[in-house]
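Take the sequences, apply the hints, and build the full model.
Residue numbers (this note's numbering), protein chains in the order written: chain D, 1 to 495; chain F, 1 to 147; chain B, 1 to 127.
Calculated from the structure, these hints are not laboratory results.
Think of the CB as a built atom: it goes at the ideal place given N, C-alpha and C, for glycine as much as any other residue.
Careful: at least some of the hints might be erroneous.
So the derived list for chain B, only partly shown, Cβ under 10 Å to chain F, looks like this [as the list claims (entries may be wrong)]:
| no. | residue |
| --- | --- |
| 1 | L68 |
| 2 | A97 |
| 3 | M119 |
| 4 | G123 |
Simulated crosslink set (BS3-like; lysine-lysine; CA at most 27 Å straight-line) [stated by the list, open to error]:
| no. | chain 1 | residue 1 | chain 2 | residue 2 |
| --- | --- | --- | --- | --- |
| 5 | D | K454 | D | K168 |
| 6 | D | K168 | D | K310 |
| 7 | B | K38 | D | K168 |
| 8 | B | K105 | D | K310 |
| 9 | D | K367 | D | K454 |
| 10 | D | K109 | B | K105 |
| 11 | D | K168 | B | K105 |
| 12 | D | K168 | D | K367 |
| 13 | D | K109 | D | K168 |
| 14 | D | K367 | D | K109 |
| 15 | D | K310 | D | K454 |
| 16 | D | K109 | D | K310 |
Listed below are the residues making up each chain.
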Amino acid sequence: MSAATHLPALVIVVPLFFAYLMPLFARWREGWSTVTALGVLAFSFAGSLVMAWQVMAYGPFSYQMGNWPPPWGIELYIDYLAVFAALTMTGVGLIILVYASKDLPHELKPHLLGWYYTLYLLLMASMVGMALTNDIFNLFVFVEICAIAACGIISIKGSGECLEAAFKYLVLSALGSGCLLLAIALIYMVTGHLNFTFIAQALPEAMRLYPNNILAALALLLVGIGVKAALFPLHVWLPDAHSSAPSPSSAVLSGLVIKIYAVALLRLLYQVFPASLFEVTPVMTILLWMSTLAIVVGSMFAIVQEDIKKMLAYSSVAQIGYVFLGFALLDVSALMGGILHIFNHAMMKAMLFLAAGAFIYSTGVRKLSDLVGIGRTMPIPTIAFTIGAMAMVGIPLTNGFISKWYLVLGAIHGEQPFFAGVILLSSLLNGIYYLPIVVNAFFSEPHGAVAEPKRLPPQMQVPLAVLGFACLLFGVAPSLIMGLVSRASQALFGL
Amino acid sequence: MEDLIVRYISRIIVPFVQIYGLYVVFHGHLSPGGGFSGGAIIGASMILYALSFNLAEGSKRVSHDLALILESSGGLIYAGVGLLGILLGSNFLANRIAGFPMGTPGNLFSSGTIMIVTLGVGIKVASTMITLFYSLIEREHNGDDHH
Amino acid sequence: MTIIEILLRLHQNSYYFFAIILFIIGFHTMLTHNNLIKKIIGMNIMDTAIFLFFVAIGYIRGGRAPILEPGADHLYVNPLPSALILTGIVVAVSITAYALSLIVKIYQHYGTIDAEEIMRLRGGETL
Chain D
1 MSAATHLPAL
11 VIVVPLFFAY
21 LMPLFARWRE
31 GWSTVTALGV
41 LAFSFAGSLV
51 MAWQVMAYGP
61 FSYQMGNWPP
71 PWGIELYIDY
81 LAVFAALTMT
91 GVGLIILVYA
101 SKDLPHELKP
111 HLLGWYYTLY
121 LLLMASMVGM
131 ALTNDIFNLF
141 VFVEICAIAA
151 CGIISIKGSG
161 ECLEAAFKYL
171 VLSALGSGCL
181 LLAIALIYMV
191 TGHLNFTFIA
201 QALPEAMRLY
211 PNNILAALAL
221 LLVGIGVKAA
231 LFPLHVWLPD
241 AHSSAPSPSS
251 AVLSGLVIKI
261 YAVALLRLLY
271 QVFPASLFEV
281 TPVMTILLWM
291 STLAIVVGSM
301 FAIVQEDIKK
311 MLAYSSVAQI
321 GYVFLGFALL
331 DVSALMGGIL
341 HIFNHAMMKA
351 MLFLAAGAFI
361 YSTGVRKLSD
371 LVGIGRTMPI
381 PTIAFTIGAM
391 AMVGIPLTNG
401 FISKWYLVLG
411 AIHGEQPFFA
421 GVILLSSLLN
431 GIYYLPIVVN
441 AFFSEPHGAV
451 AEPKRLPPQM
461 QVPLAVLGFA
471 CLLFGVAPSL
481 IMGLVSRASQ
491 ALFGL
Chain F
1 MEDLIVRYIS
11 RIIVPFVQIY
21 GLYVVFHGHL
31 SPGGGFSGGA
41 IIGASMILYA
51 LSFNLAEGSK
61 RVSHDLALIL
71 ESSGGLIYAG
81 VGLLGILLGS
91 NFLANRIAGF
101 PMGTPGNLFS
111 SGTIMIVTLG
121 VGIKVASTMI
131 TLFYSLIERE
141 HNGDDHH
Chain B
1 MTIIEILLRL
11 HQNSYYFFAI
21 ILFIIGFHTM
31 LTHNNLIKKI
41 IGMNIMDTAI
51 FLFFVAIGYI
61 RGGRAPILEP
71 GADHLYVNPL
81 PSALILTGIV
91 VAVSITAYAL
101 SLIVKIYQHY
111 GTIDAEEIMR
121 LRGGETL
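See below:
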């Protein structure tokens with residue numbers, strides 16, 4: 001098993017290695033790029049599965065880069081939350097890349113396909129790195145790689161509105177990175193360490209001596225990561241960026257990129273900062289109200305949209321509110337619901353964006369009012385869209401129901417039943433904007449371009465089918481993933 | 001620019017600038033500098049050459065293909081050295097533990113893998129600066145006929 | 001605390017104080033100016049302020065540059081913040097390069113680099 005002990009580093013480095021090879025393939029060997037990218041992501045997914053099995057069987061372990069022990073070296077700490085996030089990122093990323101291999105030649109200029117794979121592999125490597133790392137400056141470096149790669153896969157399309165959306169995302173992301181770096185500086189100033197475990201040991205003493213530094217660092221962290229994760233008042237870049245990007249990029253951005261920042265914030269809030277801090281400052285209350293506003297306002301904005309991708313983007317604003325609500329309720333069941341919703345929403349939103357992309361690929365229509373009757377002429381994407389819509393609303397037998405169930409349970413256990421009411425109300429709001437599309441798609445007559453769609457290639461139909469099946473599977477038998485999620489949430493609470 | 005004095009002086013100066021850049025890159029583990037600053041100096045020397053002569057001359061010296069290969073190989077050297085640490089039995093990016101030769105500190109060939117990694121970073125930064133410069137200037141020369 | 005004490009405290013921590021002032025100036029420039037290039041300049045000012053803050057953390061009074069000479073034993077300045085901001089400077093340069101190339105392409109598409117003009121040309125649906 002000697003190769004398996006190096007899997008934490010290999011899962012991050014192999015995509016990086018092949019990301020550097022992709023431009024050479026694009027210039028001289030055009031046909032190799034797609035196959036290599038898919039193979040590399042399959043290797044990362046397999047590596048994450050092996051690490052997940054190892055963590056579930058033997059417990060968390062750590063990996064030291066260069067054999068330098070912490071605090072001198074960078075350490076990768078593989079625990080339940082890390083391997084859960086790595087599984088989600090690589091798994092859903094692989095499925096989206098299969099779809100992208102056929103959709104992208106239709107949306108991009110032909111010589112840019114290899115560069116798209118470079119950016120995609122860099123994005124995957126940085127997200128897995130953010131999940132696994134135990135060093136705060138290493139986290140910052142991966143955050144920066146992720147920011148540039150994410151802006152890159154938006155602006156590669158080259159149309160006017162996606163350039164402007166990518167610029168807006170870049171400026172706000174740089175703002176967030178600046179705040180994050182200043183927070184790292186403040187934490188390093190008072191503790192002298194960069195490793196999460198060492199900072200966690202040094203912080204209670206430092207809080208006694210220098211409380212203002214720690215409070216400023218906490219505020220800057222919240223703003224910095226909040227901008228990148230599109231929490232409510234800081235979400236303004238998200239609708240334009242996710243709606244004007246190519247469809248696989250929208251799926252990756254909405255499903256995976258904003259979630260990994262939530263995972264990073266979860267680690268920092270629960271594992272690094274001491275619990276005594278949260279009795280002194282109302283951080284969790286602030287997060288609670290920001291996420292509630294995100295859920296309600298995001299859904300309300302989604303109701304009035306006419307373009308399908310913009311509606312799905314506003315829906316992402318609402319759904320990231322659920323994840324943060326799970327963090328802020330301070331209850332084990334709510335945290336399980338929040339962490340599970342990361343996985344569920346990645347699958348649901350990816351499936352919805354890929355279905356919308358299939359609609360646009362075959363018919364070229366984006367407006368909701370023109371998409372009537374599409375269920376009769378393109379059954380497979382519409383069935384996938386229906387399963388995704390039902391999962392978003394939270395109908396039983398889909399995985400969305402399981403995560404909302406845990407959130408409501410946590411709200412009631414934590415004696416804050418108001419938020420249980422908010423979650424139920426938001427399910428109603430979700431239904432208001434998702435169900436009319438589904439009803440119109442199946443029960444109306446198609447006209448215009450919708451009546452004769454282009455044929456959908458199998459590489460685009462298979463990911464939709466796989467994701468739809470996975471949504472139903474994890475709704476009927478959630479115990480496949482709940483073992484990992486419950487152990488992660490209990491470890492974060494220190495139980 | 002078509003000035004005679006600028007061309008004459010830059011033709012003399014560019015080799016010295018490149019030697020200085022290589023000095024900063026190779027002595028990265030002994031004195032301030034390292035991959036990033038040394039690579040920026042080497043890149044700046046090529047930009048000086050392309051600015052004082054015209055773009056066609058600069059493209060003959062460092063063509064697009066060469067810049068692409070250099071850029072990729074810089075990153076590949078770094079990742080390759082790390083994977084070499086795994087192949088030799090210890091963790092990723094291992095240095096002394098994996099058996100790389102460490103001379104006496106203060107010499108040029110001490111510090112094992114650090115010099116190779118610094119060289120890779122220097123090559124990558126230099127070629128990135130050249131590629132960015134060529135992309136921005138070529139767009140201005142050719143106008144916007146293909147976007 | 002009296003004014004004299006406040007001024008004395010500020011004089012002792014002057015590096016941090018000016019770094020925070022520069023950070024606020026850069027932050028404000030990024031958010032309020034309409035010209036896209038001024039936003040990028042504001043981002044650079046903000047990043048430079050953070051690097052100044054980082055370097056000021058590492059300074060030890062009476063220390064010299066952290067270059068080892070064999071056999072000599074001096075008090076050295078903390079070298080770790082310098083290594084961290086080297087990475088940070090490269091990240092700031094990459095983001096600046098990418099943003100400037102985006103501005104070039106936006107100018108080709110819209111004909112202007114004023115953010116409000118672009119919003120008006122796009123049809124102005126925000127929030």
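Here is how each hint holds up against the structure:
no.	hint	in the structure
1	L68	7 Å, holds
2	A97	6 Å, holds
3	M119	22 Å, violated
4	G123	22 Å, violated
5	D:K454 to D:K168	34 Å, violated
6	D:K168 to D:K310	16 Å, holds
7	B:K38 to D:K168	14 Å, holds
8	B:K105 to D:K310	24 Å, holds
9	D:K367 to D:K454	18 Å, holds
10	D:K109 to B:K105	15 Å, holds
11	D:K168 to B:K105	14 Å, holds
12	D:K168 to D:K367	24 Å, holds
13	D:K109 to D:K168	23 Å, holds
14	D:K367 to D:K109	24 Å, holds
15	D:K310 to D:K454	23 Å, holds
16	D:K109 to D:K310	24 Å, holds
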